[in-house]
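Number of protein chains: 2
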Amino acid sequence: MLYLEDITVGQLFRSGRLRIDADRIKSFATEFDPQPFHLDESAARNSIFGGLAASGWHTAAVTMRLLVGSEFKPAGGIIGAGFDELRWPRPVHPGDELRVESEVLEVRPSKSRPNQGLVKLRTTTLNQDGEAVQVFIGNLVVPRRLS
Amino acid sequence: MLYLEDITVGQLFRSGRLRIDADRIKSFATEFDPQPFHLDESAARNSIFGGLAASGWHTAAVTMRLLVGSEFKPAGGIIGAGFDELRWPRPVHPGDELRVESEVLEVRPSKSRPNQGLVKLRTTTLNQDGEAVQVFIGNLVVPRRLS
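Going down the list, the protein sequences come from chains A and B. This note's numbering runs 116 ahead of the 1-based position in the first sequence. This note's numbering runs 116 ahead of the 1-based position in the second sequence.
Chain A with its partners taken away, still in its complex shape:
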């Protein structure tokens, strides 16, 4: 369990892998993002994605799952205070195997709350070819060690 004092700029955390299949791409999209390029192979072929593509929100959710299971284990859990950036440079297709790499960009104690601080973390989600499919820079609330 990591406290603010255990986290330093430049630290890297890695995750395991998760495979995304066509059925889950479609069922996630049916519930949350029902657009043809996330639901139907032939409609997707003629879209800007060039083939069935996961909703970006599906990729984001899978990224969270990978992050929760990764080496990055702050005391109190992974609690986002907001994001500076979120982008999907490349689509996720059925069969892609995703993993995340998180790098600490900034660590700062809170001025108003002496028992916690903020960690700015860049989490890159990579496919099996090492290509980034999502980049997000988030600010996480992390507790300080009680002294």
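Derived from the structure by calculation, the hints contain no laboratory data. None of the hints are false.
What follows is a set of in silico ranges between Cβ atoms, one per label pair, in the way DEER data are often shown:
(1) B:197 - A:156: 21 to 27 Å
(2) A:126 - B:164: 23 to 29 Å
(3) A:128 - B:260: 40 to 46 Å
The beta-carbon is built from N, C-alpha and C at its ideal position, and this holds for glycine as well.
Given chain A's structure and the hints, the job is docking chain B onto it.
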């Protein structure tokens, strides 16, 4: 179906409503964000959320669902090129009924791709008391009318 030429700064788009229940909060979290405050009422009571709270990624996914069903219907679908901001100012609890309001902040034709442009949209997700539970500012790819 809206083309870039139909969209102007200040336009507002509204959605219907979706109710979030405890079972879906827990099942979403089990798959994507398995942390105690998203899974278990008693663990959540002692967390910073003060009670069972939806994963922010669940709120984001529900927001997308509301947006896809809203008055905002760009030709070609809702395709995000990235986000400038995403934050969750307040937790979503079981029984909350969410809706979205989207406001156009910026409209600009693409320099490199004459057949499309970018629309910067602020989408605020509100609960039944009119309180913002999510704010995101996204840049969407929207086609131009072929002339």
